[in-house]
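Chemist: Protein sequences, first through last, are from chains A, B and C. Taking this note's numbering, the leading residue of the first sequence gets 239, the next gets one more, and so forth. Taking this note's numbering, the leading residue of the second sequence gets 151, the next gets one more, and so forth. Taking this note's numbering, the leading residue of the third sequence gets 13, the next gets one more, and so forth.
Watch out, some of these pointers could steer you wrong.
Unchecked claim - With a Cα cut of at most 27 Å, we get these calculated DSSO-like pairs of lysine-lysine: (1) C:Lys97 with A:Lys471; (2) C:Lys45 with C:Lys34; (3) A:Lys471 with C:Lys96.
Treat the hints as calculated values from the structure; they're not laboratory data.
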Amino acid sequence: MIARTDAERNEYRHVWVVAELRPGEVESVTWELLGAGRRLADARGCELWCVLLGKGTAGLAGECFARGADAALVVDDPGLEHFVDEAHANALSALIRKHKPEIVLCGATARGRALIPRVAVQIHAGLTADCTGLEIEPDSGLLLQTRPAFGGNIIATIKSADHRPQMATVRPRVMVEPPIDPARSGRLVRESFDPAWASKLARVLEAIRHAGDGVRLGDADFIVAGGRAMGGKKGFDMLRGLAEVVGGALGASRAAVDAGWIDYAHQVGQTGTTVQPKCYLACGISGQIQHLVGMQSADLIIAIDKNPEAPMMKLADYAIEGDVFEIVPAMIEEIRRL
Amino acid sequence: MKIVACIKQVPGTNDCTIDPETKRLKREGVEAVLNPFDLYALEQAMLLREAVGGEVIALSMGPPQAETSLREALSCGTDRGVLLCDRAFAGSDTWATSYALATAIRHLGGVELVLCGKQAVDGDTAQVGPGIAAHLGWPQATYVSAMPGVEGKRLTVRRMNEDGHDVLEVDLPAVMTVVKDLNTPRVPTLRSCLAARKATVTVLTAADIGADARCLGLDGSPTRVVKTSPPPPRGTKTVHIAGDGRTCARQIVHELRMKSLV
Amino acid sequence: MANEPDRVFHVELLSPKQKSPKLEADLDLFAEKYRKVLDAGHVACITDNPMGILSFQGTELIDVLGLPVRPEQVSIHLNTFHTKKDLDGILTQAIAMGIDNLLAISGDGSPRLPKLTGKDIGNAVESVTAVELIRYIHREYPDQFTVGVAFNPYEPPAHEMEKMRRKVDAGAAYVTTQPIIESHETLEQLETFGIPIVIECWMSRKLHLLAECVGYEIPEDTPYDPMANLRTLMARYPHCEFYLALLGFKTQFPLLEQACA
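Excised from the complex, chain A in its bound form (with noise of 0.2 Å):
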């Protein structure tokens, strides 16, 4: 909503985080930004709530509290269980309506990207996505957006100044978790669900679950990377097992996807995943820039490789010049030892 004069702002208060949610639980990112949020709420002298729109909600309360939130808001209700954007953005829009926060943040999830930008519009509010920076700008009491653009080449700082709330989402693993404090407590504030809410335009047929190979990689700590060398789908059992070991991900390049030796969920780069592991190890990889784009941001780069000029050898933090299948099964071994 515009808000342009002091009183206008002065109407929004209190920062909001919007939890991810599973089946019966709240995603780690939800910590994240409560952890995030908590120094926002600190620095504006307000409240930070959790807002937890889904079916079997309200008893998930209690750990929001414990992770730092004074209000929990709950919508619990069957016509919010499965994800249908129009019925959690009408919800969600007609909370802020009414409550009116002065910030609002959420996670980057497949969830988040899609339900945030349609209550951004549907509210007239700014929004930035995928923040890697949020603090509060000291004489305007501002929130300050910080985020990479053109493959992160550039940083940029974001403001909304006359729209409130201002919404930002955050990807998963850039906040720090709070610790959780079992004797914290805060208010739970209920809202019923609106059956103007729901949507008659779209429905969830079935949600499915993949057997996957357990660590996401989005989410993940340590990646453990293949290309063109892997030279077929026995490369990356091979690297799956180190991934099992190191207790990481498996990623991919393109080339390695396209060849059919991995699925396309494993592929880091322009067009599949970003990244931002504390270590992305490229095994075989030579570093073609749309690739580069989608880890440049790791912690820590290792690289594998036969050509020492390649350009991922190039970008590594610790560049090791030799065969991928001496080296992995050897990596293996060693910390299997440790």
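Given chain A, put chains B and C in place with the hints provided.
Modeler: Below, chains B and C without anything else, positioned relative to chain A:
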């Protein structure tokens, strides 16, 4: 089915070197290209037209040079190319951009499906697709990886998420954003390229589509970029490790141990 | 009536790029070169998305530009970066036009190009190389094509020879090499396969452009006389044929007859 495929012209990423000091990617002399994700939206529009008949319009908001990307879309087989071009649009954030595109879609009239790529590789926000849906008040489906059901007024789609997928049934008109899994973009033929060069790309201004000036450009954008800076340099010089498999493995695992990564 | 020259050269014609800002001019130039090659009695060899750059197909160029086909004088490159549908389309069109000579290569991909999968061509093998491509062509279109393959003397010889063996077993009928400067020891070994050898001669003065091909840096100002190299190759390998890359049509083409003298 009357389909609009939204496309965007973005900076290309072909030439780059790695700055040895900062380890940052330095892009050099990059030409503008069609946003890679949009090719999947275009292809899906073509496939739907082949299946149920209708018309496909490629729509883009951009500067005059964005016309070349619309011609590329035409060479893939779209029936029309429409460029929203007006100084009034300059400086638009995603709210204002999706407003302009939604207004143009309303102006085109009778549109039943809007297809967008998952995100643009320069902005990376993935906000415009759902934004268009919200401005139009239409249902949406994002990260569509399959479209198994196509009936006159309804689509059944697979919507990807981190854990798997949902099967969604969506009534038309609707807006969808698509991912790579959905199809394989066709390669333009010589005939279609030659036809595309001769085709007329319609240029529409803000006035043409009846856009509210207050919702356009910098003034119409709730968000504003107040600062840009280069990212902090990676700082570390590359450490080279060589030797036989065992030696290298031992050395790197040691480093990982020191950093508590294993 | 086509010439019958003393020696028939395979002349490489780079297919016009899709993104060219002067497409019509490129097409005219292509057609002009093609006709020149055919009229002089040589073989026109049309490339397939060289270096992964989206270009037009040989068969569609001949079709749309109304170019003549003389079966012994046209060869089309074919790589593995196509959909099955497009691949079959090219092969079917080639047959309809009377083109029966193909050069099957793995090729260079790019984000814009699709790729044949093992499933497409009915193979258990996941990745499709020239070997699988040849097998597919001979299986689906038996007795329709003479298919050649590429040989790279700058790759480790044991590896290249083993690949060559597999290509020949799959049905390769001739082999075209990467550019050779004066001579190369592996050419003798190639003869053991018993199929015709076509040696590529680099006809541009810019030898440094071959750096990536040969795998080492070549200084930009390295003196190089393409015509002299061609004469040297013809003298050293009299039983081979020659593939001319980057032939200058204004300056070199008229000199080809003299080269044979």
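Chemist: If a hint holds in the structure, say so; if it doesn't, say that too.
Modeler: Against the structure, the hints:
1. The hinted pair formed by Lys97 of chain C and Lys471 of chain A meets the criterion: a straight-line CA distance of about 25 Å does not exceed 27 Å.
2. This hinted pair checks out: Lys45 of chain C and Lys34 of chain C have alpha carbons roughly 17 Å apart, not beyond 27 Å.
3. Proximity of Lys471 of chain A to Lys96 of chain C is assessed by CA-CA distance (about 22 Å); at most 27 Å being required, the pair is judged to hold.
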